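So the chains spell out like this:
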Amino acid sequence: MSFLTGLLRLRRGPWEMLATILIALGVVMLMQPFALALFTWSFPVTLVGTVMFIITSHFPE
Amino acid sequence: MSDPMAHRIAAATPPALAHRIRGLSDRAIAWVFVAPTIFLLLAVNIFPLIWTIRLSLTDFRTNRPNNPVKFVGIENYRKILTDADTWLSLQATAHFLIWTIVLQVVIGFALAYLINKKFRGNDLWTTLIVLPMMLSPAVVGNFWTFLYQPQIGLFNYVIAFFTGADPSSFSMIGEVGLAPWAIVIVDTWMWTPFVMLICLAGLRSIPPSIYEAAECDRASKWRQFWTITIPMVLPFLMLAVLFRGIENFKMFDLVVQLTGGGPGATTQLVSIDLKREAFEKWRTGYASAYAVILFVTVFGLASIYVKALNKVKDR
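As they're listed, the protein sequences go chains A and B. Numbered per our numbering, the first sequence spans residues 69 to 129. Numbered per our numbering, the second sequence spans residues 326 to 640.
A couple of the hints might just be wrong.
What the hints assert, rightly or not - Pair ranges (Cβ atoms, derived):
hint, chain 1, residue 1, chain 2, residue 2, range
1, A, Leu-72, B, Lys-442, 46 to 52 Å
2, B, Met-557, A, Ile-89, 25 to 31 Å
3, B, Leu-349, A, Ile-89, 45 to 51 Å
Said to hold, decoys possible - Derived, one-sided and incomplete: chain A residues facing chain B with beta-carbon distance under 8 Å:
hint, residue
4, Gly-74
5, Leu-75
6, Leu-76
7, Thr-88
8, Ala-92
9, Leu-93
10, Gly-94
11, Leu-98
12, Met-99
13, Leu-104
14, Phe-111
15, Thr-114
16, Thr-118
17, Phe-121
Unchecked claim - The following residues of chain B were derived to be distant from chain A, with all beta-carbon distances above 10 Å:
hint, residue
18, Ala-409
19, Pro-457
20, Pro-462
21, Trp-607
22, Leu-626
Hints listed in this document are in silico derivations from the structure and should not be mistaken for laboratory results. This one's a predicted model, so the numbers in the text were calculated from it and none came from an experiment. By construction, the Cβ of each residue, glycine as well, lies at the ideal position given by its N, Cα and C atoms.
Same shape as in the complex, but just chain B (with noise of 0.2 Å):
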């Protein structure tokens, strides 16, 4: 059956352009579909990366564009690998990174395997529990401020309710020892519901008769746990530490509304150091060899990850 718009647009196409695209072959029209594609990427991510590169080269300030550019060699990378700061800055990312992943899988996983189960009001909860992923870095950074102020903070006296402490004897964000944790608390309250989601889709996906096999075999619930449900969960939780883990790589918003990097810089995570260097002291060749050092870090480890991910998969 032949479409009356197809033969319209036909016959409003000039017969030079008609007879152009007519003779084009196939590996032709195909680069014509994918050349966009393939001139996005360049102009949005390769030609960056290099300018990058090269900027990461010089002492390039971009507050004073008429200073000429004197090429550095490797000084910049130098200087940041031997900087006290910037190795203080990793440790805090590291420190973040890890707890924040470790309890959001726990507790995101333990969710899951919760909401799974049939209850009533099931459908409510999920709801309810997937509610701070939906709201915006800024908001959660900003109220969480005033659930940690210590004289009228909400958080305070829930922790004195159930310490004994006296509620103001503490600053969640203003003390060296409880602020990295502060921002650890508030971005695992957002994103765990993400993580419980991703699990909750793997528990779905497990077909019941497997577990109907385990139950005649007489396995108990706690073997059917460990052979079945987290081996068949375990690519789903890998993605999940995958997106998070590169996330929160690259956390800002959050932590910036919420501590602004103090007190000191404990909480400065090194996309706040990053940010600091390129847009308030104007080093940005400094900034550029920084980024090129972190670019690698995630690549490689993505690299890995993806690599360990497709084994599991293949299992």
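Here chain A stands alone, though its shape is the one from the complex (with noise of 0.2 Å):
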């Protein structure tokens, strides 16, 4: 409850915490050998994370 108030507040870290998921998960999609599809959409995935994490990480605490 209190990270999905910290989301709607704009606080650094649970979008700190949405990002960084964001950036692992696109990794595994990135190289696991179980999906092509998932290689596929792993790229745009880390990107918006990535992205995520530089604009986040300007937000206040």
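With the hints as a guide, dock the two chains, each given alone in a separate frame, to form the complex.
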């Protein structure tokens, strides 16, 4: 619940957490050996996560 | 006390220049000092990055510089991300990355823990262990190809000695199933000493008084290890993982020398694949898109890793 509140109030912690999850997910999708479709969508996910991380690191604590 | 050299330099400075320098504010002088670095950073890092992103959206080929360059949008990215061979290269890189880091951290930490104990010949052993790290990757790749030779290679004879198998019955760099492990073994052999040195620095930075206090509290060695040693060495370990992770993600020379990416494409890591696209097939636009994808991946990973490292250090 506090996570969602933090997201709505544009707090750094939850947004950075979300960006981190996206980056990690993107990297796993890029290197996993199971589905080509996941590989195809890995870069957009990583890119969104990375850009989000750069932006949200300037949000207030 | 005045410096005669400074006086001589001041006297030799042309009056007009001296007046101009004296007239600069602190902020302007700071900019004068920082400007060369900023210029170099822009010229060497930022400009090539922007140029690569621009090229990644075109069909430019370096071997045909006079051909008209066509803007293709995200077509290069689409091709890369639907290419099964590129996917295999990334899987090979993941295998190499995960296993080298796991083995190097476990063995490197174990060696550092042993070397940290006082014993006779401690310095000699440290020097011997660190030796592989000082060799050139090209040399290491070359002599390990000899060690891996099925007929005359020492490696095969050692394995045969322990398993009873025929030394010439397997080829570490010639078999699809063994080649990925061959490059993992060589990289681990070469770079474990680096991780060991970083862990050793971490172990030696722990004040003995903490262990003494733990002894007074009757904490067992096992508990001391998990509650003192590991938490205090963790930032160092994480640094080692960061260094080795970035280095191995762009691993090229050692693997090219050892297997050349083969057999088939089983050891074709992303850096080798990228080099082939850029300088053998001359698909510069495609290779630029490939490089951008890898850059974003490493940049994203490094960002979250540095954040985690700072958190561990702040604890």
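### Query
Among the hints numbered above, which are violated by the structure, and what are their numbers in rising order?
When the structure is compared with the hints, numbers 4, 5, 6, 9, 18, 22 turn out to be violated.
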